[in-house]
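> The lines below spell out each chain.
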Amino acid sequence: MRNRFSGSMISVAIAVLAIGVVVSVSTSAQAPVPAQVMKTPWGDADLQGIWTDETTTPLQRSPRYANQEFFTEEQRTDLDKQRSELLGRNKRVERGTELDVAGAYNAEFVSVKRTGLRTSMVVDPPHGRIPPRTPEAEKIMAADREYRLALLQATETCKTKSVACNGGKYDPKPSARRADLPPRYNTARMNRFDGPEDGALPDRCLTMGLPEFGANAGSFRRIVQTPGAISIFYDVGQGQGWQRNIVMDGRPHLPTGIRQWYGDSRGHWEGNTLVIDVTNFSPKTDFQGSRENLHLVERWTRTDANTLEYEVTIEDPTVWTRPWTAKQEFTQQNGKENRIYYEPRCNEGNYGLPGLMRGARTEEAAFAEGKGPHPATKDIATDFVGVEDNPLE
Amino acid sequence: MRPPYVLSLVVVAMAAAAVGAVVTMSVTQSPVQAQAARPAAIDGKPNFSGIWQANNEANWDLEAHAARPAAVTQPGVYPYDYARVPAAPVLALGAAGAVPGSLGVVQGDGQIPYKPEALAIKQQNAANWIDRDPELKCYLPGTPRAMYMPHPFQITQSTNKIHLAFAYSNTARTIHLDEVEGPPDNTWMGHSVGRWEGETLVVDVTNFNDRAWFDRAGNFHSDALHLTERYTMMSPDVLWYEVTIEDPNVYTRPWTIAMPLYRRMEPNMQLLEFRCNEFAEEFMYGNLRKEQLVKRWEGETMTIDITRKVPPGDAFYDYYSK
Numbered sequence: 001m002r003n004r005f006s007g008s009m010i011s012v013a014i015a016v017l018a019i020g021v022v023v024s025v026s027t028s029a030q031a032p033v034p035a036q037v038m039k040t041p042w043g044d045a046d047l048q049g050i051w052t053d054e055t056t057t058p059l060q061r062s063p064r065y066a067n068q069e070f071f072t073e074e075q076r077t078d079l080d081k082q083r084s085e086l087l088g089r090n091k092r093v094e095r096g097t098e099l100d101v102a103g104a105y106n107a108e109f110v111s112v113k114r115t116g117l118r119t120s121m122v123v124d125p126p127h128g129r130i131p132p133r134t135p136e137a138e139k140i141m142a143a144d145r146e147y148r149l150a151l152l153q154a155t156e157t158c159k160t161k162s163v164a165c166n167g168g169k170y171d172p173k174p175s176a177r178r179a180d181l182p183p184r185y186n187t188a189r190m191n192r193f194d195g196p197e198d199g200a201l202p203d204r205c206l207t208m209g210l211p212e213f214g215a216n217a218g219s220f221r222r223i224v225q226t227p228g229a230i231s232i233f234y235d236v237g238q239g240q241g242w243q244r245n246i247v248m249d250g251r252p253h254l255p256t257g258i259r260q261w262y263g264d265s266r267g268h269w270e271g272n273t274l275v276i277d278v279t280n281f282s283p284k285t286d287f288q289g290s291r292e293n294l295h296l297v298e299r300w301t302r303t304d305a306n307t308l309e310y311e312v313t314i315e316d317p318t319v320w321t322r323p324w325t326a327k328q329e330f331t332q333q334n335g336k337e338n339r340i341y342y343e344p345r346c347n348e349g350n351y352g353l354p355g356l357m358r359g360a361r362t363e364e365a366a367f368a369e370g371k372g373p374h375p376a377t378k379d380i381a382t383d384f385v386g387v388e389d390n391p392l393e
Numbered sequence: 001m002r003p004p005y006v007l008s009l010v011v012v013a014m015a016a017a018a019v020g021a022v023v024t025m026s027v028t029q030s031p032v033q034a035q036a037a038r039p040a041a042i043d044g045k046p047n048f049s050g051i052w053q054a055n056n057e058a059n060w061d062l063e064a065h066a067a068r069p070a071a072v073t074q075p076g077v078y079p080y081d082y083a084r085v086p087a088a089p090v091l092a093l094g095a096a097g098a099v100p101g102s103l104g105v106v107q108g109d110g111q112i113p114y115k116p117e118a119l120a121i122k123q124q125n126a127a128n129w130i131d132r133d134p135e136l137k138c139y140l141p142g143t144p145r146a147m148y149m150p151h152p153f154q155i156t157q158s159t160n161k162i163h164l165a166f167a168y169s170n171t172a173r174t175i176h177l178d179e180v181e182g183p184p185d186n187t188w189m190g191h192s193v194g195r196w197e198g199e200t201l202v203v204d205v206t207n208f209n210d211r212a213w214f215d216r217a218g219n220f221h222s223d224a225l226h227l228t229e230r231y232t233m234m235s236p237d238v239l240w241y242e243v244t245i246e247d248p249n250v251y252t253r254p255w256t257i258a259m260p261l262y263r264r265m266e267p268n269m270q271l272l273e274f275r276c277n278e279f280a281e282e283f284m285y286g287n288l289r290k291e292q293l294v295k296r297w298e299g300e301t302m303t304i305d306i307t308r309k310v311p312p313g314d315a316f317y318d319y320y321s322k
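For the record, the sequence lines run as chains A and B.
Every letter in the first sequence is one number past the one before it in the numbering used here, and letter 282, counting from 1, is 282.
Every letter in the second sequence is one number past the one before it in the numbering used here, and letter 19, counting from 1, is 19.
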């Protein structure tokens, strides 16, 4: 279960069904409807409905398309073909091995959406790449990476020089660092499962919130408006849905001592654009290395009946040397079909988390009785199978 | 040195006047602003938008009950039900773990009309509250329980949808006023379809699973549950909430609960997160840690030893230990 995203098979099935619907209706995305602003009866721009990004766009631009902001239609067709031919997690290796089991969550669970128009979501800096990190942030990231590599050092992963061990080295002796705390609050998978906190946040049904770009399974959001307030429910992470209620009356952000997983959203209208300022993130969140100092300015603009443009400026002076901006286009989904999954049921169906801990305790007991290998020689953190070159990255 | 003193008094008086002005503004304007931003009607219908919360004991027990020392009790020195004492799992909470009394919210004779076999399950549920109540594991609360949990929720009312966002664990409902297909599977919170009957919003809620409870007393339903909710504005800040509960698997007849929901009037009110699945991790998985953190797990069993240490210098204990 290395690649368990979360939740029950039922939620997975629903998510897959929802994606199936998306793929089948995706033709409307490019129809050049004249920009006619749709208004609510009380005069605000109307952003309501169920929205999703029907295409796949990498966050950062591949060096292959360095000076190109948009793909040509030929490139998109070609990339679609290449991507649909990737075996991904359907690739099997020697049956019954650690490597084979790692692919159990196979490609059935991840639909391939059409390649998007843009070569990257990042539109600023203009070269489509996230700006360099500050030296302090680099230091923190390096310490974290070093710790994770130490936990892998006695495994086959490092012995066979897998890419997952890049920067580390093989040493048959288990690292003494296995007894240490990670350098800071853990949010990602590591080769140890002493307790729940050793799991990645999605393993704990604590998938993060913003910015929500939709991972490989995609994401849906429903917006409901009323005069002076807006609610957005996000259907993400197969049963890890969450919601935000945008405060629109101009009051200041929450006191700095109050930190939240999804931050604190303050919105206002600039013409027909909804602008939301988000701060007060919890130090337990992590977006590309940014935690409690993350500051977002989101701009939501409906450009036609079927299209909602989302632009977010991402700032954290403790992590990046300058702010940067990413853009996505969401397409209106069929309201009558109502294919959005509202129940954050990940926690209710989370057999994976106790399973990972039970497995670790079982291996420790077997080793103590001389019936199994040292647990440090096994790798429960790495996703080996299906990690192939993505032509978009 | 009188002149400087007089001068400083003047400055203080000016500062006080300025502060006074600010305070007056914030006191008088905030509710007015809030009112202006929230019209009384949306599309000609009463506007329920805002943050609401029940102020009652329904989440403890829908039925009438006297206050009791704890949600989990054990026999005391007398063999009577009314003389039980708090049991170990909640003892450390002291009086904060006690259950407040209530006249109940079940209409008519105040009793939930259980079938005999269902009543037996309810009683088992109550006796196994810690193991069985979904709330302790931070599972979804179900409907109607979400409406009267001790957490606020926000209504965002539009013309075709009314969204209910609950502070508890990202729980959500959307009441559909327009045509919509049902969900592909049953749900904790149900599928809500609403219509207006005059000034009252009537909501039909179906497609339930059989896992949610109504309260901490073990009251439950099956997947045949069907709710008819009625929301009526009693005054700008009080919403009357009534729900008729039908489930032929569990009850002999439909029954109804009713209660007021109150607007949270604080000018700075907003929903804060209550992402409790993190809070329940130790409760649910503490036994699987490599090294026990809270020393109370043996295999699958939670055992509780309570050691109370009196903080040194505690005046009350010092007095009695003399």
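To be clear, the hints were calculated from the coordinates, so they are not data collected in a lab.
Note that the Cβ used here is the ideal one computed from N, Cα and C, for glycine as well.
Among these hints, one or two may not hold up.
To be verified - For the chain A half of the interface with chain B, some residues (derived, Cβ under 10 Å), not all of them:
(1) 86
(2) 88
(3) 94
(4) 98
(5) 134
(6) 138
(7) 165
(8) 186
(9) 204
(10) 283
(11) 364
(12) 366
Claimed, not checked - Straight-line alpha carbon distances no greater than 30 Å define the calculated DSS-like cross-link-like pairs of lysine-lysine that follow:
(13) 159(A) - 290(B)
(14) 327(A) - 173(A)
(15) 161(A) - 91(A)
(16) 115(B) - 169(A)
(17) 327(A) - 378(A)
(18) 284(A) - 137(B)
(19) 336(A) - 284(A)
(20) 173(A) - 137(B)
(21) 371(A) - 45(B)
(22) 336(A) - 45(B)
(23) 173(A) - 371(A)
(24) 378(A) - 290(B)
(25) 378(A) - 159(A)
(26) 45(B) - 378(A)
(27) 371(A) - 139(A)
(28) 81(A) - 327(A)
(29) 295(B) - 371(A)
(30) 139(A) - 91(A)
(31) 137(B) - 295(B)
(32) 45(B) - 284(A)
> All the hints need checking, so say for each whether the structure fits it.
Structure-based check of all given hints:
With a least beta-carbon distance of about 29 Å to chain B, the hint placing residue 86(A) at the interface is violated under the 10 Å criterion. With a cut of 10 Å, the hint placing residue 88(A) at the interface with chain B is violated, because the nearest CB-to-CB distance is about 25 Å. Taking 10 Å as the C-beta contact cut-off toward chain B, the hint placing residue 94(A) at the interface is violated, the least distance being around 30 Å. Evaluation of the residue 98(A) hint against chain B yields a violated restraint, the C-beta minimum of about 21 Å exceeding 10 Å.
For the restraint placing residue 134(A) at the interface with chain B, the shortest Cβ-Cβ distance is roughly 29 Å, beyond the 10 Å limit, so the hint is violated. For residue 138(A), the interface hint is violated, the least distance from its beta-carbon to any beta-carbon of chain B being 29 Å, above 10 Å. Hint status for residue 165(A) relative to chain B: violated, with the closest Cβ pair at about 24 Å, above 10 Å. For residue 186(A), the shortest C-beta to C-beta distance to chain B is roughly 13 Å, which exceeds 10 Å, and the interface hint is violated.
With a least beta-carbon distance of about 7 Å to chain B, the hint placing residue 204(A) at the interface is held under the 10 Å criterion. For residue 283(A), the interface hint is violated, since its Cβ never comes within 10 Å of a Cβ in chain B; the closest pair sits about 13 Å apart. Here the hint on residue 364(A) is kept, as its CB sits about 7 Å from the closest CB of chain B, short of 10 Å. For residue 366(A), the interface hint is violated, since its Cβ never comes within 10 Å of a Cβ in chain B; the closest pair sits about 14 Å apart.
At most 30 Å may separate the alpha-carbon atoms for a hinted pair to count; residue 159(A) and residue 290(B) meet this at roughly 27 Å. With a C-alpha separation of about 47 Å, the suggested pairing of residue 327(A) with residue 173(A) is violated against the 30 Å cut-off. Taking the CA atoms of residue 161(A) and residue 91(A), the gap is near 20 Å; set against the 30 Å cutoff, the hint holds. Straight-line distance between C-alpha atoms of residue 115(B) and residue 169(A) comes to about 67 Å, which puts the hinted pair past the 30 Å bound.
Of the pairs offered as hints, the one joining residue 327(A) and residue 378(A) is violated, with about 41 Å between alpha carbons and a cut-off of 30 Å exceeded. With a C-alpha separation of about 21 Å, the suggested pairing of residue 284(A) with residue 137(B) holds against the 30 Å cut-off. Distance restraint check for residue 336(A) and residue 284(A): the Cα-Cα separation of roughly 38 Å exceeds the 30 Å cut-off, and the hinted pair is therefore not satisfied. The suggested pairing of residue 173(A) with residue 137(B) is violated, with an alpha-carbon distance near 40 Å, which exceeds 30 Å.
A C-alpha spacing of about 71 Å is found between residue 371(A) and residue 45(B), which places the hinted pair above 30 Å, so the restraint is violated. At roughly 22 Å between alpha-carbon atoms, residue 336(A) and residue 45(B) fall within 30 Å of each other, so this suggested pair holds. Between residue 173(A) and residue 371(A) the CA atoms are separated by roughly 18 Å; this keeps the pair inside 30 Å, and the hint holds. A hinted pair counts as satisfied when its Cα atoms are at most 30 Å apart, and residue 378(A) with residue 290(B) qualifies at roughly 17 Å.
At most 30 Å may separate the alpha-carbon atoms for a hinted pair to count; residue 378(A) and residue 159(A) meet this at roughly 11 Å. For the given pair, residue 45(B) sits about 63 Å from residue 378(A) by alpha-carbon distance, which is inconsistent with the 30 Å threshold. Note on residue 371(A) and residue 139(A): the hinted pairing is violated, with a Cα-Cα distance of about 41 Å set against a maximum of 30 Å. A threshold of 30 Å between alpha carbons decides the hint, and for residue 81(A) with residue 327(A) the separation of about 25 Å falls inside it, so the pair holds.
Simply put, residue 295(B) and residue 371(A) have alpha-carbon atoms about 28 Å apart, close enough for the 30 Å limit, and the pair holds. Straight-line distance between C-alpha atoms of residue 139(A) and residue 91(A) comes to about 36 Å, which puts the hinted pair past the 30 Å bound. Straight-line distance between C-alpha atoms of residue 137(B) and residue 295(B) comes to about 19 Å, which keeps the hinted pair within the 30 Å bound. Between residue 45(B) and residue 284(A) the alpha-carbon distance is near 43 Å, which puts this suggested pair outside the 30 Å criterion.
Hints 1, 2, 3, 4, 5, 6, 7, 8, 10, 12, 14, 16, 17, 19, 20, 21, 26, 27, 30 and 32, counting from the list given before, are not met by this structure.
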